[in-house]
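These protein sequence lines are chains A and B, in that order.
For the first sequence, this note's numbering begins at 1 and goes up steadily by one.
For the second sequence, this note's numbering begins at 1 and goes up steadily by one.
Source of the hints: derived by calculation from the structure; they are not laboratory data.
Just so you know, not all the hints are guaranteed correct.
Unchecked claim - Facing chain A, according to a computed beta carbon distance under 8 Å, are these residues of chain B, among others: (1) 109; (2) 142; (3) 164; (4) 169; (5) 195; (6) 323.
Note that the structure is predicted; figures quoted are calculated from it, not measured.
Glycine included, each C-beta is placed from N, C-alpha and C at the ideal position.
Number of protein chains: 2
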Amino acid sequence: MTQNATELDRHGRDESSQPAVRPDAVVMARSTEDVQLVLRRCSAEGVPVVPFGVGSSLEGHVLPIEGGISLDLSAMDAILDVRPEDLLAVVQAGVRRIPLNEHLAKDGLFFTVDPGADATLGGMAATGASGTTTVRYGAMRDNVLALTAILADGTLIRTGRPTRKDSAGYDLTRLLVGSEGTLAVITELTLRVFGIPERMSAAYCTFDSLADAVAAATAVVRLGIPVARCEFMDVPSIRAVNAFQGTTLTEAPSLFFEFHGTKAGVVEQAEETQEVVAQFGASDFAWTADERERRQLWQARHNAFHAGLAARPGSAWLTTDAAVPMSRLADAVACAEEIFTGQPFTWSMLGHAADGSFHAGLLYDAQDEVGASAAKQASWALTTRVVEMGGTCTGEHGIGIGKREALVAQVGDATIGAMRAIKQALDPGNILNPGKVL
Amino acid sequence: MTQNATELDRHGRDESSQPAVRPDAVVMARSTEDVQLVLRRCSAEGVPVVPFGVGSSLEGHVLPIEGGISLDLSAMDAILDVRPEDLLAVVQAGVRRIPLNEHLAKDGLFFTVDPGADATLGGMAATGASGTTTVRYGAMRDNVLALTAILADGTLIRTGRPTRKDSAGYDLTRLLVGSEGTLAVITELTLRVFGIPERMSAAYCTFDSLADAVAAATAVVRLGIPVARCEFMDVPSIRAVNAFQGTTLTEAPSLFFEFHGTKAGVVEQAEETQEVVAQFGASDFAWTADERERRQLWQARHNAFHAGLAARPGSAWLTTDAAVPMSRLADAVACAEEIFTGQPFTWSMLGHAADGSFHAGLLYDAQDEVGASAAKQASWALTTRVVEMGGTCTGEHGIGIGKREALVAQVGDATIGAMRAIKQALDPGNILNPGKVL
Chain A
1 MTQNATELDR
11 HGRDESSQPA
21 VRPDAVVMAR
31 STEDVQLVLR
41 RCSAEGVPVV
51 PFGVGSSLEG
61 HVLPIEGGIS
71 LDLSAMDAIL
81 DVRPEDLLAV
91 VQAGVRRIPL
101 NEHLAKDGLF
111 FTVDPGADAT
121 LGGMAATGAS
131 GTTTVRYGAM
141 RDNVLALTAI
151 LADGTLIRTG
161 RPTRKDSAGY
171 DLTRLLVGSE
181 GTLAVITELT
191 LRVFGIPERM
201 SAAYCTFDSL
211 ADAVAAATAV
221 VRLGIPVARC
231 EFMDVPSIRA
241 VNAFQGTTLT
251 EAPSLFFEFH
261 GTKAGVVEQA
271 EETQEVVAQF
281 GASDFAWTAD
291 ERERRQLWQA
301 RHNAFHAGLA
311 ARPGSAWLTT
321 DAAVPMSRLA
331 DAVACAEEIF
341 TGQPFTWSML
351 GHAADGSFHA
361 GLLYDAQDEV
371 GASAAKQASW
381 ALTTRVVEMG
391 GTCTGEHGIG
401 IGKREALVAQ
411 VGDATIGAMR
421 AIKQALDPGN
431 ILNPGKVL
Chain B
1 MTQNATELDR
11 HGRDESSQPA
21 VRPDAVVMAR
31 STEDVQLVLR
41 RCSAEGVPVV
51 PFGVGSSLEG
61 HVLPIEGGIS
71 LDLSAMDAIL
81 DVRPEDLLAV
91 VQAGVRRIPL
101 NEHLAKDGLF
111 FTVDPGADAT
121 LGGMAATGAS
131 GTTTVRYGAM
141 RDNVLALTAI
151 LADGTLIRTG
161 RPTRKDSAGY
171 DLTRLLVGSE
181 GTLAVITELT
191 LRVFGIPERM
201 SAAYCTFDSL
211 ADAVAAATAV
221 VRLGIPVARC
231 EFMDVPSIRA
241 VNAFQGTTLT
251 EAPSLFFEFH
261 GTKAGVVEQA
271 EETQEVVAQF
281 GASDFAWTAD
291 ERERRQLWQA
301 RHNAFHAGLA
311 ARPGSAWLTT
321 DAAVPMSRLA
331 DAVACAEEIF
341 TGQPFTWSML
351 GHAADGSFHA
361 GLLYDAQDEV
371 GASAAKQASW
381 ALTTRVVEMG
391 GTCTGEHGIG
401 IGKREALVAQ
411 VGDATIGAMR
421 AIKQALDPGN
431 ILNPGKVL
């Protein structure tokens, strides 16, 4: 346990726009037993416990807003087992995504969920992360087979099985995935992994308007082309990336694709995609099976928001996180543009076009309270419209602190009541990440 | 409400080997409001409520073992919405799988989960069904996006959203999927659907031994060939099918494949598969893109157990339901053969080879208590071994009545405790399908 000021500071912030708040102390867990000990003790004394990975959360999940212990799991970073023949891996909660993939590559395997950040697997499970490859391989919910987790009173439970099919009792695995550390602390995960495809290729094209880009992506999905990634970026995103990375991408609304498959398969997918996007006025369709070029292209996409921040030193940002039924994506993006136009902040947008999910980064001066407040209001306005369209207030980032009201508006009091009953049943003392989700 | 003897009988049995037991009365629900009324009333009076679809359960889920009302949802069979552009459909809980697919086909769509039986979608969700296409398209858990459900006290809740991504609060959708009617009664479902592939083709081959067939299937999956179905059948299964359907399939351990994709894609998949299975001594590799032949082949597979029953009038059966990590499938099948050999029942086996999941049908004379008891013991012995191998006591059929002890053995008292806490929180009066799962 430490109360070192640097550590308290580090555990009192994440990548959200929520204000920083220090925990009373930080405990580094080194084993599942450590986690049990902490929870038993904190349960007895009614002290809040907030699980912490690397702090890459975007909705304030790791902020100890009711004080207590920040329980840091990042030292629990052992890859316990890789079983290529079963296409699964067993890891401690503190293992990060990029080191895991480096390790898996030795066996020709990869873990598919890619939220961009090099987050811990425990954090990704707790927040129900997804990302650019979800269109093809699913989200955390689909790729966590089993968990070891510690309940509020220190009880160890094991959920799920290392099998492709399992119908044994309540699906506690998927109840814990996305529960944001409020129902249990995840200490070990059994993950589904995939063989690295024989070929991966990337493609890129530009459009006259963002609406055309989104409509083209929708058409690709409807046609059933099994794209591995399909992302759009608007002009400000492309411009920021060019400035940040020194690339010379055309500054126009763009789609980025990735195709996985056999040698013939990726060519077929790229050709079919090119035909479809051409109908929406796509220009400069370029595709590459070159590994270095493919990585550069995706680096650009992943760096988009950081590029935006880098372009404006001293700025702060707020990220929106909407997902709608595919048919409403163009409307939702247009609606976002309408809400943001003329506001006292700058903005850029990008999205998982094939999933109907997109983010806007709203940038304002860190000292500018007017900009900050306008960004918050614009985000709320967008969320309201998205929910009205049948969408969700959070496609990927979770509820955390910032979306609690939005969750009530979305699911209604009765459903919130059922969630509260479950929270009360599993954490009667409300010590697990209090003030989040509900 | 009816207490007509025929109706009581029909609602007092399913397709399991559990003894029949009549409900006190049957209520046909015609709307979500009907379900609310029944639950409000039964909750107030402490009367058990057992949801009923078509009674195709294999583990006694619909048997009212503590009396009360059998709440029949089969008349709630409206397909409420089909949205091709969003790849989703909204249905009432009583809609059956085959009529749904007939309806979806008009829009070039299909619902992928195929357990064989023409079950209701509500029942399939409640039991967490999966089937032959899960290897490619997932189980119910992966294909139910949102639910309307009624809690024990009559409260209506809505879970999930009609979006590909959703991280909003606890995943109540996946908690209810597989909860076997013990936490809430599902009345409406939003389902993920897929476009009918450009091409579907089937292939079939035989092996010297069942172990070779299973090893070949494992190799196909490891190579990442995206098979849509991959099933094995043992000699007794093939023999029964030939007798039942008048087919002339070679009476040898066999693999059945189905491939979905583009015209070039299905050829590529079939050729790659043929190469792989040849390494395990496959003979007579035959593939067809002819729709009638493809359907006939799969008809044979789906009829396997019924063919076995038809071959022995007056017989009863018990179906096992194991799933193991892929690498243990050959061991698990060998273990099953060892346990069954010399027992006073006949048996046949088939399985979802690419999922590590398989079933044995144990047949005995309906009047033969020795055979029935031996089958039950053999099933328990297999379950024990499968759990020791890291597998699950139920891959697809659920816990129901028959697997409650097995569930405890598999997950342990602490995990059962967490499940009980959730059951107590959502159904404090224990009126929802009491005596099931826990």
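Okay, the hints, checked on the actual structure:
{"no.": "1", "hint": "109", "in the structure": "violated (10 Å)"}
{"no.": "2", "hint": "142", "in the structure": "holds (6 Å)"}
{"no.": "3", "hint": "164", "in the structure": "holds (4 Å)"}
{"no.": "4", "hint": "169", "in the structure": "holds (5 Å)"}
{"no.": "5", "hint": "195", "in the structure": "holds (4 Å)"}
{"no.": "6", "hint": "323", "in the structure": "holds (4 Å)"}
The structure fails hint 1 only (numbered hints given earlier).
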